[in-house]
Amino acid sequence: MYYDKLIFEISNKNRVGYSLPKSEFKNYTLPSEMLRNKEALLPEVSELEAVRHYTNVSFKNFGVEKGFYPLGSCTMKYNPKINQDLSNMLEFNMHPYSPAETTQGLLEIYYETQRILSELSGLDTFTLNPYAGAHGELAGLMIMGAYHMKRNDSKRTKVIVPDSAHGTNPASATVAGLTAVEVKSNYDGTVNIAALKEMLNDEIAGIMLTNPNTLGIFEKDILEIAKLVHDAGGLLYYDGANLNPLLGLARPGDMGFDIMHINLHKTFSTPHGGGGPGSGPVGVKDYLVEFLPKPVIKKQGNKYYIEDTNESCIGQISHFYGNIGVVLKAYSYLLTLGKENFHKVGQYSVLNANYIKESLKNDYLLAIDGICKHEFVFDGLIDKSQNVTTLDVAKRLLDYDVHPPTVYFPLVVHEALMIEPTETESKATLDSFIDVMRIVAEEARTNPELVKGAPYNTVVKRLDEATAARNPIVKYRDLLNQ
Amino acid sequence: MYYDKLIFEISNKNRVGYSLPKSEFKNYTLPSEMLRNKEALLPEVSELEAVRHYTNVSFKNFGVEKGFYPLGSCTMKYNPKINQDLSNMLEFNMHPYSPAETTQGLLEIYYETQRILSELSGLDTFTLNPYAGAHGELAGLMIMGAYHMKRNDSKRTKVIVPDSAHGTNPASATVAGLTAVEVKSNYDGTVNIAALKEMLNDEIAGIMLTNPNTLGIFEKDILEIAKLVHDAGGLLYYDGANLNPLLGLARPGDMGFDIMHINLHKTFSTPHGGGGPGSGPVGVKDYLVEFLPKPVIKKQGNKYYIEDTNESCIGQISHFYGNIGVVLKAYSYLLTLGKENFHKVGQYSVLNANYIKESLKNDYLLAIDGICKHEFVFDGLIDKSQNVTTLDVAKRLLDYDVHPPTVYFPLVVHEALMIEPTETESKATLDSFIDVMRIVAEEARTNPELVKGAPYNTVVKRLDEATAARNPIVKYRDLLNQ
Amino acid sequence: MFKYLPHTTDDIQKMLEVIGVNNIEDLFSEIPTELMGQDLNVPSSHSELELYQRFTELGAKNKKLIPFVGAGSYDHYTPSVIRHIIERQEFLTAYTPYQPEISQGTLQYIFEYQSLICELTNMDVSNASMYDGATATAEAMFMATSNRKKDKILVSKTINPNIIEVIKTYAFYRNITVDFIEEKDGETSIEDFKAKNSKEYAGIIVQSPNFYGIIENYDGYREILDETKGLLIINSDISTYSLLKTPGDYQADIAVGDAQALGIPMGFGGPYIGYMATTNKLIRKLPGRICGVTKDSEGKRAFVLTLQAREQHIRREKANSNICSNQSLLALFVTVYLAIMGKKGLIEAQTNSFNATHYLYEEVLKLDGFKPVYDKPFFKDCLIETTKDVEAINRTLLEHGILGPLSLGKFDVLKQNLLLFSATEKRTKSQIDQLVSLLGAL
Amino acid sequence: MFKYLPHTTDDIQKMLEVIGVNNIEDLFSEIPTELMGQDLNVPSSHSELELYQRFTELGAKNKKLIPFVGAGSYDHYTPSVIRHIIERQEFLTAYTPYQPEISQGTLQYIFEYQSLICELTNMDVSNASMYDGATATAEAMFMATSNRKKDKILVSKTINPNIIEVIKTYAFYRNITVDFIEEKDGETSIEDFKAKNSKEYAGIIVQSPNFYGIIENYDGYREILDETKGLLIINSDISTYSLLKTPGDYQADIAVGDAQALGIPMGFGGPYIGYMATTNKLIRKLPGRICGVTKDSEGKRAFVLTLQAREQHIRREKANSNICSNQSLLALFVTVYLAIMGKKGLIEAQTNSFNATHYLYEEVLKLDGFKPVYDKPFFKDCLIETTKDVEAINRTLLEHGILGPLSLGKFDVLKQNLLLFSATEKRTKSQIDQLVSLLGAL
Ligand SMILES: Cc1ncc(COP(=O)(O)O)c(C=O)c1O
Ligand SMILES: Cc1ncc(COP(=O)(O)O)c(C=O)c1O
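Chains as they are written, first to last, in the numbering used here: chain A, 1 to 482; chain B, 1 to 482; chain C, 1 to 442; chain D, 1 to 442.
The set of hints was computed from the structure by calculation and includes no laboratory data.
Computed from a predicted model, the values in this text were never measured in an experiment.
Where a beta carbon is used, it is the ideal one built from N, C-alpha and C, also for glycine.
It is possible that part of the hints are untrue.
Derived EDC-like pairs: lysine to aspartate or glutamate, alpha-carbon spacing no greater than 20 Å straight-line [as the list claims (entries may be wrong)]:
| id | chain 1 | residue 1 | chain 2 | residue 2 |
| --- | --- | --- | --- | --- |
| 1 | A | K13 | D | D10 |
| 2 | C | K295 | A | D464 |
| 3 | A | K38 | C | E348 |
| 4 | D | K300 | A | D401 |
| 5 | C | K429 | D | E50 |
| 6 | C | K63 | D | E57 |
| 7 | C | K199 | C | D151 |
| 8 | A | K339 | C | E25 |
| 9 | A | K150 | A | D202 |
| 10 | B | K339 | B | D254 |
| 11 | A | K22 | B | E340 |
| 12 | D | K61 | B | E112 |
| 13 | B | K461 | D | D296 |
| 14 | B | K155 | B | D202 |
| 15 | C | K388 | C | E362 |
| 16 | A | K227 | A | E203 |
| 17 | D | K63 | D | E399 |
| 18 | A | K299 | C | E57 |
| 19 | D | K61 | B | E108 |
The following residues of chain D were derived to be distant from chain A, with all beta-carbon distances above 12 Å [as the list claims (entries may be wrong)]:
| id | residue |
| --- | --- |
| 20 | D39 |
| 21 | K61 |
| 22 | T228 |
Using the sequences and the hints given, assemble the complete structure.
Take a look at the structure:
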């Protein structure tokens, strides 16, 4: 049966679900004008009621441990349990102001994680302070800005961003006080060198690239691009949200990138948590290290310490040192993969993507032919005669207990179905996905209305999103007041 | 979609899901005739495959945190998370042969748990060695036997067991080398005093009672019964599998019982785990303490120690000291309830049962009128004209996401539906159960075929149990060989 | 073979055949060879036993301390059930709820979270979370400057200096000018505010309880701002609204801050969760995700992400915020925390913290060498001045397993002898008495 | 109000009205008043914080030790995923699968468990679990005596003495006579067996690897027993069947023992899990639950408890066993363990343990004052005789955080100087070297 209750709707006056020790202190008082005057409507439930409620709520979700989750650009790989266990160790639950002598373990993890990321990426030093990918982009672009300012080259305010880029890229540019300008792409989303050359001038702060790009294509002229941008006085920013395809194989730093961010919640397997917490470490080449946001964790001899007095840095972008709990998990994952396996992540994620691509290209329209990297994009069904859209396909997949691919991104592909299988999936899982995709394609041909009416097996059916936006009901009190 | 795979069916040659450190030792060898000659067919899956498999398998189960579980005689109360957390503390994961000086914490928990159980039950000392209720019964009946033997009264080999008793009672008697004899009951399952008097003689080792009995009725003449049995030279055994109804209110020891067991996995909320592990502590009066199975945990001054040389004891009934992991959880629960709440467990479990009983007695046939204790029994629907059975009702409840009550037990009630709500359920939950039960009764009247065909919303429908028993397929290889 | 990588050689061979290449390397042939094959100085693969070993060693390099400091990270009690719920794979491993039909779990808790934030702050609408209280405050500044089309903002000096640092960083790169309002007796000076406020400013950002733990009073702020059409942005540790006057009571435009004090472990500073709530008027300026109620095609109540046109994935360079992933699982954490603690428990936990801090304050002030700094009502941080050697104080306390107060010298060399203490409901009387006796013995 | 008890006074009032009584006490009016209202000397209710505190203190009263002893409880590695799976509420909080339509989860893992036990033992059918290896062995004895209709059984003296104790207890009360087969050079004496065996006995119970870790050879046992129609019951730590000859290979009738060594934490002795498997011929004599395959009304494969007519809830006093709740969750534990470790991992873990124990054996024997007892192949326990002071040995080791060997003096005063060592795959070379050097320095 469909569980449709809100926690507020099972609440009952005077019920409790908590326990606290009896207070040992006398009651101190506050002037009454400082007190809130309207009681907050908070739940009153027993512990069992709370647990049962959220357990039933959880049943309405789809997680990686239920089934295949080929959500392009999101790298939904397996999130090992051991990372969770280790990050929960009480020894790591320290107050952020504990002196360095009492937090050497935590500081070592921070330091070592950034060091391993440096090795893997070919950039020299990382900060783990950014909270997510977009936050990393922001910090990275601030560094780009700071670099030019320090050189008194502050008319450089434009950042080149391809049209296929993730939405956070242009948005981060804006938030960092820069102006995003688009460069023409080739048909496969790679940078058009001629167009690039034309754009490069002394107003260009740099270029932001995802490589392989969001179409899954490696920028094969990257060395030339890097030279062009550098020669023009700009810097290269690498959106490494997803580092899977090249992990252990090739490094952004060696390609000429100066700044990058990595999403630990993608490549390094920290769970997405329904939309965070993430962690978006930013790495830079040596000549940019001074700009990294403070506080900075450093090592001297065998001791780790926190420096927060660096003058030339971009400033502070987080209250403390970032999402350390996420870093703990990533560090555990890095150690587990280890030297022996990093490159296999790259290889198998690419193998899996190409296998699906080749297996389905007779039913779905390949946006770009040829070898892809860890993900690729279909432009919907090949047979468009029945007007079955990418959205319809996605919804129909729900009925087969598969999480749909990313849809309608990247924007450059009209009916985009962006597929990223990740390396942790077996051939059997890929094969059953391929089967389901073929069945849906067949259904679209033979029974298009079936597909357009999907999903049927989910707890709720297609939703009316328009009404929700027209008349937003965004809290329980809005429901009460209806 | 129905997940129907066995772990063997997703296995793939050479795949692994484990990691071990590289061995640092040279390889020693064994004579080849000592080695197994047929390779075991064990799974070969990746960690994700294993996790995803068992997650999907878990979706096919119903647990207390999903919904109401009024399974009579099983006391399906809420199992607090904190008990789980505390029992997992690494500090308690000791080798059982660790010397007492290194396990004082564990021994204290063992000792204190038995002491609190003693207080609650009015018996003087407990052993926590028995692994489950039936195991406790066995140990308890051995103690009964040992007592008579020690007194050279060994013709006492009969144990009186009412017909309404749980199946383990007579079975335990047999396994303990005693003979179960049935005493006539009154209509409400209570002991017929006249019949009892007639049975009492010098072959009677004792009597086993559940009080309140499995029909939920308190044996109000218990003091008289105790006197009769004691005067006849017998002992009284209390099946305290479920101590809920009298917890903190009245004590078996005070009623005259000499021996009892308690199921920690019922009254004291350790999770049932799909059928164990349990823990069935056995308590005895002072004059029986010498018979408790060894090893025995004792206290001297502030120190705890293990004694395993007691000569008069019944012997050893477990390899070590019982299911300590279960004891840890029960101890945590005992401390949480505490003096302030024990009696409320008794009160509310009884309140809840009576509330349901009164609310449904116009639709379901009450086996026994009047106030019940923590559980009670319906003899199926009142309206039997449509031949809708208790089994049909139970199956139909599945469609409403309610776990059915215990069915066809106790055996003395033909169409038994045994309902035990427990104290952790709210009035709202009881009300919605009552609603569902009424709906099902109404369906049975108006649309009996609907009820007889149930369930409809479960992952599998009614099962063919007869074929399974006729031609048992009890392992994967049987399926392969089909 | 490796436990996270399922492919056998046989699998790989079959897949390569379908793709039509000979070996895996062929899938990387477009990558310039000079880029390939670096030898990496990285640890070798750890088995689980080795990993436990390593983390146990690392854990042992930290020293467990009993904290008597808050200053943005509070050692509150965490109900045991929370971890069990948020670690259910259904919640933990899901992505952002882009496919609402199979994400009703995430969407529902976001809706509950938004409802709770609105209840506590007395505001109309909350988003689904921000990174932390500091970045949320910086985003509130952007919201204000964008809405008011101004490039200046007023910020009170009584705000936590780390939050000020983040505001400054965000402001600097986006060419926003931050002007500060002076403090007076430990509070934001309303006189200075009146003096400085003008139509040039998008509004003012204040914090209460402020960095010193002092509860500020914003009566009159609304009126002052209405004259210049400025926005009132109030930052707070949200747990304090269990007892204290809310942004809604002050007719604030934006309520913002951290929700860490709702039982989130100190965790060396993160993950925490920034909250942000505003008025109906400003809903379309609110950054981040918002969940709303709708119906499915059969009329069932259901939840969706709504008003997405505000967000970066649609507006791209025109978006006012770049936030994408946020702190969703912590929103669930906070939601379960509030469900478990409930109306009574939240108040009890905060009242106990309040009382414990006040007891600490009273007892420390009885000692020689300690005196009050401001005579203002405070909540669960309190400021005490000492004539003793601050380093010696903290060293002694550390030796006894105690994390002592924060010296404001960290932010201002002149304030070396001002100590910021805090006690939560987890601090027992005997712990506080020990602290006091250690301080007394110095 | 209390967190586990949801009723408010208002709820209670309404419920009492429906029941038609005035107060809760009225629900207990039939209970003699002299039985009611005892004042109990029990602890008062602990909040979670107090409970953590209490358990932390209790935990600190134990001392973490590195064990070099097995003897029925082995410190093997536990893969991290197991706890996460078995603690899913779907598994953890369910009862015995009496309603198969909503218990397919439990039933399926039982079926997998049974399959795995059959694979490892090479037997036809396994039940869904027994309490522990010792009680399972006693139950095997009952199975044999009941099946053979005899009241005598032969038991080898090389069996773990605790198991023997349990066998003796169970036998004594049920009037079964246990006669012992002597040991010879650390093994069951086949000569003594031949000499004592007769039609009076239901069969023989042996253990391999036996208490000393020695791998016994049961060639010829089947033939000896066939002459008297006796049953062959082999007890073993099931993990050893990863490498060793199985009960099936010896045509045993019952395979029985403990499965703790499949990664179950030592846990101070429990919960562990007894396994029990037999031949098709004896399936109806097998105690406990058995899960079988069937179909549902739509033809889907599904699982049910089957052959329930054997069990106590149906046969009552005629049942041959009283077992009801067993160790179901541990059956899931073992199943997940075997899924994760798989064909290769199980062998690797056991081979590493075997090698570690042999290395330990070799190194200790190089020391003065230590010498071998038997010259027989052993597995992961090994027996060494010492001329040194056994108490001093264990005291010294304890001081270094090591749990030393088990002195057989615990069971036989004459064997004080026989030490039973063990090492698992968790023991590193440096740990063993430390042990050896401590022993050497004595
Ligand atoms: C290519 C790319 N860049 C940037 C981001 C932004 O990362 P986050 O959501 O962690 O802010 C994402 C993920 O959504 C991404 O896929
Ligand atoms: C009344 C009664 N007695 C005894 C038992 C046996 O307990 P266990 O299953 O733990 O052996 C039970 C539970 O099934 C019971 O309900």
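For each hint, the structure was consulted:
no. : hint            : in the structure
1   : K13/A / D10/D   : 9 Å, holds
2   : K295/C / D464/A : 6 Å, holds
3   : K38/A / E348/C  : 17 Å, holds
4   : K300/D / D401/A : 19 Å, holds
5   : K429/C / E50/D  : 14 Å, holds
6   : K63/C / E57/D   : 18 Å, holds
7   : K199/C / D151/C : 11 Å, holds
8   : K339/A / E25/C  : 18 Å, holds
9   : K150/A / D202/A : 15 Å, holds
10  : K339/B / D254/B : 18 Å, holds
11  : K22/A / E340/B  : 14 Å, holds
12  : K61/D / E112/B  : 14 Å, holds
13  : K461/B / D296/D : 5 Å, holds
14  : K155/B / D202/B : 7 Å, holds
15  : K388/C / E362/C : 18 Å, holds
16  : K227/A / E203/A : 17 Å, holds
17  : K63/D / E399/D  : 10 Å, holds
18  : K299/A / E57/C  : 18 Å, holds
19  : K61/D / E108/B  : 9 Å, holds
20  : D39             : 21 Å, holds
21  : K61             : 18 Å, holds
22  : T228            : 52 Å, holds
Consistency with the previously given hints is maintained throughout, with no hint failing.
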